[in-house]
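Asks: The residues making up each chain are set out below.
There are 2 protein chains.
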Amino acid sequence: MTPQPTAPEPTGTGLRVDAELNRQRIVTAAREAFAESGIDVPMDEVARRAGVGVGTLYRRYPSRADLVAAAFEGKMTAYADAARTALADPDPWHGFCDYVERVCAMQATDRGFTTVLTMTFPTAKRFEADRDRAFADFVELVDRAKAAGRLRADFVPEDMPMFLMANAGVLAATADAAPDTWRRLVAYLIQACAAVPARTLPEPPSPREMYRAMLRFPQSAGQHSPGTPAGSPQA
Amino acid sequence: MTPQPTAPEPTGTGLRVDAELNRQRIVTAAREAFAESGIDVPMDEVARRAGVGVGTLYRRYPSRADLVAAAFEGKMTAYADAARTALADPDPWHGFCDYVERVCAMQATDRGFTTVLTMTFPTAKRFEADRDRAFADFVELVDRAKAAGRLRADFVPEDMPMFLMANAGVLAATADAAPDTWRRLVAYLIQACAAVPARTLPEPPSPREMYRAMLRFPQSAGQHSPGTPAGSPQA
DNA sequence: GGTGAAGTGGACGTGATCCTCCACTTGTTC
DNA sequence: GAACAAGTGGAGGATCACGTCCACTTCACC
Chain A
1 MTPQPTAPEP TGTGLRVDAE LNRQRIVTAA REAFAESGID VPMDEVARRA
51 GVGVGTLYRR YPSRADLVAA AFEGKMTAYA DAARTALADP DPWHGFCDYV
101 ERVCAMQATD RGFTTVLTMT FPTAKRFEAD RDRAFADFVE LVDRAKAAGR
151 LRADFVPEDM PMFLMANAGV LAATADAAPD TWRRLVAYLI QACAAVPART
201 LPEPPSPREM YRAMLRFPQS AGQHSPGTPA GSPQA
Chain B
1 MTPQPTAPEP TGTGLRVDAE LNRQRIVTAA REAFAESGID VPMDEVARRA
51 GVGVGTLYRR YPSRADLVAA AFEGKMTAYA DAARTALADP DPWHGFCDYV
101 ERVCAMQATD RGFTTVLTMT FPTAKRFEAD RDRAFADFVE LVDRAKAAGR
151 LRADFVPEDM PMFLMANAGV LAATADAAPD TWRRLVAYLI QACAAVPART
201 LPEPPSPREM YRAMLRFPQS AGQHSPGTPA GSPQA
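Which chain is which? The protein sequence lines are A and B, in order. Position one of the first sequence corresponds to residue 1 (our numbering), numbered consecutively onward. Position one of the second sequence corresponds to residue 1 (our numbering), numbered consecutively onward.
Note that these hints are calculated values from the structure, not bench results. Keep in mind it's a predicted model, so treat the numbers as computed, not measured. The hints are all genuine.
Which residues of chain B face chain A? A few of them, derived with a C-beta cut under 7 Å, are: (1) ASP154; (2) ALA168; (3) THR181.
Between beta-carbon pairs, the in silico distance windows are: (4) B:ASP176 with A:THR123: 18 to 24 Å; (5) B:ASP18 with A:GLY51: 53 to 59 Å; (6) B:PRO202 with A:ALA88: 31 to 37 Å.
Yeah, the Cβ is synthetic: ideal placement off N, Cα and C, and Gly gets one too.
Full structure from sequences and hints, please.
Replies: As C-alpha cells, this is what we get:
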C-alpha cells in the first residue's frame with residue numbers, strides 16, 4: 001500500500017484514522033447502550049462502553065440528539081426501506097399489515113428505537129429525510145389499501161405514529177415481564193383498521209406475566225416476592 | 001402512655017390537629033403535582049407546594065409509593081366504582097364500551113393516574129383491594145358482553161391493562177400537542193374488540209399537531225416556568 | 001403559664017449526571 | 001525523528017434529587 005500524499009481519507013470523514021476509529025467505537029457503543037437501556041442512558045456509560053473519555057464523546061457528538069441520530073441512522077434507513085418494500089407488495093392490504101407489524105417489531109427489539117420512532121429531530125437532516133420518505137411511501141400504501149377496499153376509509157396516515165406511541169407504551173411496561181404482549185396489541189390495531197373483519201389474535205400474556213409487568217417501581221432490582229395477590233400463586 | 005382520658009380525634013388519624021392539617025396539605029399538593037407532572041415529580045416540589053419542609057413530608061410518607069397510594073386513594077375507588085357502574089348497565093356491550101372509555105378518560109386527565117393504573121403497589125392494601133374489585137367486576141362485564149355476542153370471544157381481561165398501557169404511551173407523547181388523540185386510539189381498540197363491526201372514529205389529530213407531539217427532546221433545556229409549554233420552532 | 005411530647009423545617013451529606021476545560025499523548029508530515 | 005496540529009481523557013464545577021438529622025417551635029394538657 002502506498003501512502004499517497006493527497007486525500008488520505010479512508011472513510012470520507014476528514015478525521016485522523018485513530019479518531020475515526022474512536023468515532024466508530026462510540027457509535028457502536030451508543031447503539032448497544034440505546035438498544036438495552038433507551039436513549040436516556042448516561043453519556044458516561046456510552047463513553048465507558050466505547051472505551052473513550054467523555055471528552056472525546058462530546059467533541060464528536062456535542063448533544064445527545066446528535067449521537068442518537070448517528071446511532072440510528074442505519075435503522076432509520078431500514079425503516080424507510082420497509083415502507084418501500086411494502087409498497088412493492090402486489091396485495092396492498094397485505095403490504096399494509098406487513099408494514100405495521102414489521103415496524104412495531106423494530107420497536108420491540110430496540111428500546112431506543114422505540115422512542116426514536118415517535119420523535120422528530122429537526123436538526124438531523126438525513127435522519128428526517130428518511131422519515132419523510134417512509135411517511136410518503138406509507139401515504140401511498142394507505143391510499144392503495146383503501147382503493148382495494150380493505151382499509152377503512154377514515155384511516156389517516158397520522159394514525160401510524162399514534163400506533164407507534166401506543167406500542168411504545170405497551171413495550172415500556174411489558175418488555176421485561178411479558179415481552180410478546182405487543183404482538184397482541186398490534187393484532188388488535190390492525191384488526192381495527194380493516195374494512196372487513198377477520199384475523200385471530202396472538203396468545204395473550206398470562207395473568208402472572210401481566211402482574212409482573214405492572215409490578216414496577218424502583219426498589220432495587222430483583223427483589224423478594226412475598227405473598228402475591230389472588231390469582232397469581234407462585235408456581 | 002397510652003390511656004388518655006379524652007379522645008380528641010377529629011379525623012381518626014392519631015395526629016395532633018396541626019399535624020393532621022399538614023398531612024392533608026401534603027396529600028392535596030401531591031395530587032396536584034402528580035396530576036401535572038406525573039408521579040416522578042421531585043419530593044421537594046410536593047413539599048414546597050404543600051408549604052411544609054421535606055422532613056415533614058418524609059416522616060408522614062416515608063416512600064414515594066406511600067405518598068402515591070395516599071394521593072390516589074380516592075381516584076382508585078372511583079376507578080373501582082366505574083366497573084361496578086358498568087356492570088349495572090342493562091346493555092353489557094354498552095357497559096363495556098363505556099367503561100373502557102371512562103377509564104381511559106381518567107388517565108387522560110391525570111398524568112400520575114395514567115401511570116398508577118398500569119402499576120401495582122403490593123404494599124398499599126386498600127389501594128390494591130380497589131384494583132382487585134375493579135378487575136373482578138370487569139371480568140364479569142367481559143363475560144356478559146361475550147354472552148351477549150357483542151364482545152369477541154378471544155378477548156381476555158388482561159387485554160384491559162394492555163389497553164391502558166397503550167393509552168399511556170399515546171398520552172405521554174400527545175398530551176401537550178394533541179391532547180385528544182387518545183380518544184381515537186380508544187375508538188380503534190373498542191372497534192377491534194367488537195364481534196360485530198361498527199362505530200365511527202373521532203377526528204384524527206392534524207398532521208401539524210402530530211408533528212408537535214413528536215417534537216420532544218430537551219434541547220432548549222431551560223427551567224420550565226409556569227405557563228410556558230415547550231415552544232415549537234415552526235410557528 | 002409551664003412542661004414535655006409531638007411536630008417542624010431546611011441544611012447537609014450522598015450520589016448521579018451533565019458538560020467543560022486543558023495538560024498531556026499521538027498521528028502525520030516533512 | 002522533530003515539530004505541530006489533531007486528538008484524548010478524566011478531573012472537576014454545576015445542578016439536581018434523595019433522605020436524614022437535630023435544634024428549634026408548637027400544641028395539649030395541667
